[in-house]
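Listed in order, the protein sequences are those of chains L and S.
Per this note's numbering, the very first residue in the first sequence carries number 1; after that it's consecutive.
Per this note's numbering, the very first residue in the second sequence carries number 1; after that it's consecutive.
Please keep in mind that the hints were generated in silico from the structure rather than gathered at the bench.
Possibly wrong hints are sitting among the right ones.
Unchecked claim - Footprint (simulated), chain L over chain S, 3 or more residues, beta carbon under 8 angstroms:
id : segment
1  : 65-75
2  : 83-90
3  : 95-104
4  : 114-128
Unchecked claim - Per label pair, the in silico range of CB-to-CB distance:
id : chain 1 : residue 1 : chain 2 : residue 2 : range
5  : L       : Leu250    : S       : Thr56     : 42 to 48 angstroms
6  : S       : Gly181    : L       : Thr54     : 21 to 27 angstroms
7  : L       : Pro343    : S       : Leu78     : 38 to 44 angstroms
Where is the CB? At the ideal position from N, CA and C, for every residue including glycine.
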Amino acid sequence: MTEGRRQKAEGRKGDSPIHRFTHSPFFIALWFAMLFLPFKGIEGAFVLFVVLLTTVFILRFLAGYIRPLKKRLQDAGTLIIQNAKCKMQNIGAKSLIFLLILLLCLPFFAKDYFIDIAILSGIYIILAQGLNIVVGLAGLLNLGFVAFYAIGAYSYALLNTKLGLGFWTALPASVLFSTVLGFVLAFPALRLRGDYLAIVTLGFGEIVRLVLNNWDSLTKGPNGIGGIQRPYLSDIPLGKLSYYYYFILLFVILTIFVVRRVYSSRIGRAWVAIREDEIASSSIGIDTTAYKLYSFAFGAFWAGVAGTLFAAKMQFVSPESFTFMESVLILCMVILGGLGSIPGVIFGSVILVMLPEMLREIQLYRMLALGSGLVLLMIFRPQGLLGRR
Amino acid sequence: MYLLEVRDITKHFGGIRALEEVRFRVKEGSIMSIIGPNGAGKTTLFNCLTGITKTTKGNIFFLDTEITALKPHNIVRLGIARTFQNIRLFKEMSVIENVMVSQHCRTGSGLVASVLRNNVFKQEEKTIREKALEYLELSGIEDFAEVTAANLSYGSQKRLEIARVIATEPRLILLDEPTAGMNPQETLEMMGLIKNLQGLGKTIILIEHDMKVVMGISENIVVLDHGVKIAEGTPEDIRKNPLVIEAYLGKEH
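Bound-form chain L, shown alone (with noise of 0.2 angstroms):
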């Protein structure tokens, strides 16, 4: 659009009533303060109110100035990230070897409640890290992606509790099971594509907490199911929680290095092109259905992973574990780190572990923090922290 037409239409747009309203700093104090409203009853809302109104009217005022800044702002926000990479690069090797160290050595100085949550923290790294390769990589939104997690704790957790399988041998066969329910997922979704290939994953989500909530004989409903034992190598019992962090981050770095070598292959490049288009990557020669099917899968196989992971930490699993918010979570890590960025994810997934624990000091505000934190990530960098371009 020509800068004459673009300015028209924003003259046009600026005419309407309704955008005027919406637009009016009255509006936007009104707005804030009813959100406010269950916090702080009618009075702390009205104070905010004032508060905003004269806000948003100085801000108005100073709106000229703020543009420029809010333009400097991004583009500085894009030099770090670019710097910071440059010098990732250069010393990549050396700060890797470095991090490698600091998380061994974890366990000897941390408190066991920083551990806890560091053992989490792996466990949502490889979730991402599969939720990454449907939703980053092939570009299949995928908003049930809980439900082959749950399937693969709740595998492990009824293969041990009720066929007594050790850790390693349930492993597989839990693994396993999600990744052929990531296919049968597929199926019926991959004729649909973006906002109605979600709807159907986010039914499948539901249906499959609901079967687990409901199917009382073999789940126990909402009471879960516990009783579940920590792995065993060879014979040292992984119960201590510093063991079972080793254990946890033997699996993320397993996961990346094959993540990553996936990536970098010729199946990584076939499911960005899908992405991409559809269409182009079909008449090149990518059978496209095959591939989404594989990503799915591909990435129902990490989940699979971490549910079973996750249940032999707990050693205790219930459907309240997997629920959509569940699903919006990680959904959430892989674009806060950046779509199709490994390192990327892996900042967005401990962030989003930490950050939580961390503004426990703020209880009530904490979500209303990170809400609008994530408004403005995807204001200032849309495509994620650690993102492409």
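Start from chain L and add chain S according to the hints.
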């Protein structure tokens, strides 16, 4: 020998007759053009040939194999590749990656090989890269190998599409308006490139509006109007054909 034989293909979209019993044959090693006014069904014909849309009736044979009901990726594997009228690149991939991924159907390493990175995988990856560079050189954009495809100029994007097509190692290349939106100089270069492809033994069908290109390089021309083939012949024949003149300029009153 005929490389492609189209037998009476018909395509209806609801009540719209996009193609009506179109038939023609293409000789191996030749350049053929399909022309016709807007909405004549040219791109639909390409879509049918490449399996993107299914024909309502009729058969298509490629080297005596029926390809009418095949999926697009299988047709590519047999040796038919195409470009698109509105360029369809993998925009966020680099130029060389675009060409590398286009060798997909000629390579075969799977998941296990990608993870283990055995010698077979490494060798294949090396060959893919070398070949990709070769194809880029052929299309004259080797300097942009590491550039993100979206950042290429319009002309280079068109060239990248052609490099991508060559990478699938086709025998028949379908070009949908290769010179659309180009200046006379770029058009000349594109004509040279198409001639080069013919020199490599490729057979080419192009949809084109630029009559200089059509008359300049094609050996055979098929004219479509409202989904019906109204004429076929050498450039000379077509130039003189009253039906063609009518379709383009309207009837004399």
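Verification of the hints:
{"no.": "1", "hint": "65-75", "result": "holds (count 3)"}
{"no.": "2", "hint": "83-90", "result": "holds (count 4)"}
{"no.": "3", "hint": "95-104", "result": "holds (count 5)"}
{"no.": "4", "hint": "114-128", "result": "holds (count 7)"}
{"no.": "5", "hint": "Leu250(L) - Thr56(S): 42 to 48 angstroms", "result": "violated, 58 angstroms"}
{"no.": "6", "hint": "Gly181(S) - Thr54(L): 21 to 27 angstroms", "result": "violated, 53 angstroms"}
{"no.": "7", "hint": "Pro343(L) - Leu78(S): 38 to 44 angstroms", "result": "holds, 41 angstroms"}
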